[in-house]
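Got chain U; can you put chain D on it based on the hints?
Each chain is listed here by its residues.
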Amino acid sequence: MQTSSQPIERMIVRRPRIRWGHLATIVGFLLPGALIYIGLVLLPVAQAVYYSFFRWNGLGPLTNFTGLANYTRALSDRVFLLSLGHNLQLIVLSLAIQIPLALGLALLIRGLTRGRAIFRTIFFMPFVLSEIVTGVIWSFIYRPDGGLVETLFSSIAPGFAKTALLADPKTVLYALFVVITWKFFGYHMILYIAGLQNIPTEVEEAAQIDGCSRLQALRYITIPLLSSTIRLTIYLSVLGSLQFFDLIWIMTTGGPVNASDTMATYLYKFGFQRFQLGYGSAIAVIMFLICFGFSIAYQTFAMRRDFE
Amino acid sequence: MNVRRRLVTLALISAVLVLAACGGQAPATQQATSAPAAEPTKAAEQATSAPAAEPTKAAEQATSAPAAEPTAAPAPTATPIPLSTIGTGATKIVWWHINTQADQRENWQKLASAYVKDHPDVSIEITVLENEAFKAKLATAMQSGSPPDVFQSWGGGVLKQYGDAGLVQDLAPALQQNGWGDSFQPGPISLYTFGDKIYGVPWNAGMVGFWYNKALFEKAGIAQPPATWTEFLDVVKKLKAANITPIALGEKDKWPGHFYWVYLATRIGGRAAFEKAYAREGSFADPSFVEAGTKLKELVDLQPFQNGFLGAGYGDHIALMANGKAAMELMGHWAPGAERGAAKDVKTFNANLGWFPFPSVEGGAGDATDALGGGDGFAFGKNAPPAAIDFVRYLTSVENQTAMAKAGIAVPPVVKGAEAGLDDALLKEIQSRVAKAKYYQLYYDQYLPPAVGQAVNDATQELFAGTTAPEQVAKTIEEAAAIELVQ
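From first to last, the protein sequence lines stand for chains U and D.
Here the numbering used here is used: the first residue of the first sequence is 1, the next is one more, and so on.
Here the numbering used here is used: the first residue of the second sequence is 1, the next is one more, and so on.
With the rest of the complex left out, here is chain U (with noise of 0.2 Å):
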């Protein structure tokens, strides 16, 4: 009797009773927020789905329906799946080097006993700049006629014959790669430090008491607890490389020959350039559906513990 009765009793206590007040304090507190959000991210979104249905060039009315004619050639492309690929090698680029040296750069950052500020404003600042000054910059530095690459190399290894990285097709990516590296590392690192500043010296000391190695606690204390922050800069960076657009624009317009296109600078020349605004809007759908798809599977299996 006591063990049946006793649910009933709580559900009848528990049952809510509509606190207007209290629930309007919430509607009040949730709306401006959910209506910039549907407003600027949801909508556009639903719109540009709509739009990827059509040929349309962005004048006059929508009318010429193509189903999923869009996607089929975006599919099919050659240049949109080389784009693709490009963002694909940024990722394991950036994941394979940027990464561990943000990481490599932080710790020994760590064990300076003096001008640590210093460093760490030092690496910082690439980031600080903005992507189009960054583009501004290297372009001057990888300028084929008395850039600063080229007056080096030139005067280390005389006859040394003239680079153009940005204007060969074989080189162009990792020539951007190093611009980009030079500009998220510092980035990377700073979360970093924030990380390693939030572990226990006494976790690490007393691994050091228990007689364990500099590397391997490294190996089995520092890093598993800088897991999460490692977690959420993977998580960065991947994002960050599938939309990579402004600073490929400046340098090199995804140029030579569609050598540095990304998805973002492909999305840009048909969309915009070419006036295929359908056929843009079929690119940010899938592009969008890639990065969504990425973030919802990273978080459930790799993230999911950072929330808890």
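A few of these clues could be false.
[As the list claims (entries may be wrong)] Keeping only pairs whose Cα atoms sit at most 20 Å apart, straight-line, the calculated PhoX-like set for lysine-lysine is:
# : chain 1 : residue 1 : chain 2 : residue 2
1 : U       : Lys-162   : D       : Lys-240
2 : D       : Lys-214   : D       : Lys-237
3 : D       : Lys-325   : U       : Lys-162
4 : D       : Lys-160   : D       : Lys-240
Everything labelled a hint here was simulated from the structure, so no lab data went into it.
As the structure is a computational prediction, the values presented were derived from the model and not from experiment.
Here is chain D on its own, set in the frame of chain U:
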């Protein structure tokens, strides 16, 4: 400690998730800054301005569309120029132009004042916009269906798109009155003519040809500018042998290179080949267009361009020519003007400046007088009052055109008789060639619909990079044309 870290990380994550998953930055900033902990929040703030938002930015810039505007001779005036209204009449004409240089701007202002004086019922609201800003603003105005009454146009495919959408006025009836239409040279006004409709009028027009450095030609022992393609290739070889960079080319921007292919196609296939392909009775994969690619490949194989030309923009191109670092360039009538601004020694630059038309191709169907060119003009929004047309008619009167030619503003002029105002010998020659051209073709990247024009630019860049065979280049352009040119 741990809690703090958690909070920061959470704030960061929430900030980043909102925007990183493609889009909207606004709400995120607030969240990030509301996180406790001092130092790391800075990072969080930064995070929001981080890489994520690229596509939206692209969208903003979006409308500033075709970067490849040959007419965009760089005139960087950073100061925003306020609009001004001239006159107080009830009939208002909204006028957008892009002539930001002081002398040109004042010229328009002066002419507007003079017009309003004689027509007190009219007022003219002038908005001066920088080239790219103009294109962005115009595209928005067009998409919202409210174009300005009078605005800058280059004619060609973009204007035709506006015309097809019923956003601009057909001037054909107005041009028939009192011989206004006949006052223009036929070539320039043909750029605004589409079948029996005329969507605008020109106020200057020039042509593309080779600008060269006489001193460098002399140094390489070249006595005369080349007249045929074979001679031209010989000139390139001689310059190379003399250790001079034969040709400056900013091929990153693509449109400077597309001139070569288009001119070769014009020389080889002539007007007929292009018009057939455009009317879809022929194709851009026809032999004459493939042949244009093959001829261009002959040139590219000689490696005549400066080191790293594929990564160089038109700005680099200008600097090379301005300072005698390359012997020649294929460029429009605006080139010397742009280069004088970049020349370290303007006197030497002027003294060495020469011009010759694009060489003829042996056995080609095109006439040697056929010219590739373009210029500036005005088009009229669908709601423009009749006074707007009358006003532009006034601007293009032979008196005003002559005065503008004299002042170096309408160069070369387009109204018959106005060439009397020109005194620059080279511009005079260009003007007379434009006037005499049997076939005056606008740059393909302007004439064709944007999608095909950009395809031409993209595909010809592949020829310059040597990555694609001429047949494939012609086929790529044809594929774009096949989609866009069917109506």
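Hints, verified against the model:
Between the alpha carbons of Lys-162/U and Lys-240/D the distance comes to roughly 17 Å, so the proposed pair stays at or under 20 Å and holds. With a C-alpha separation of about 16 Å, the suggested pairing of Lys-214/D with Lys-237/D holds against the 20 Å cut-off. Distance restraint check for Lys-325/D and Lys-162/U: the Cα-Cα separation of roughly 16 Å lies within the 20 Å cut-off, and the hinted pair is therefore satisfied. Distance restraint check for Lys-160/D and Lys-240/D: the Cα-Cα separation of roughly 43 Å exceeds the 20 Å cut-off, and the hinted pair is therefore not satisfied.
Violated hint: 4 only; the structure is consistent with all others.
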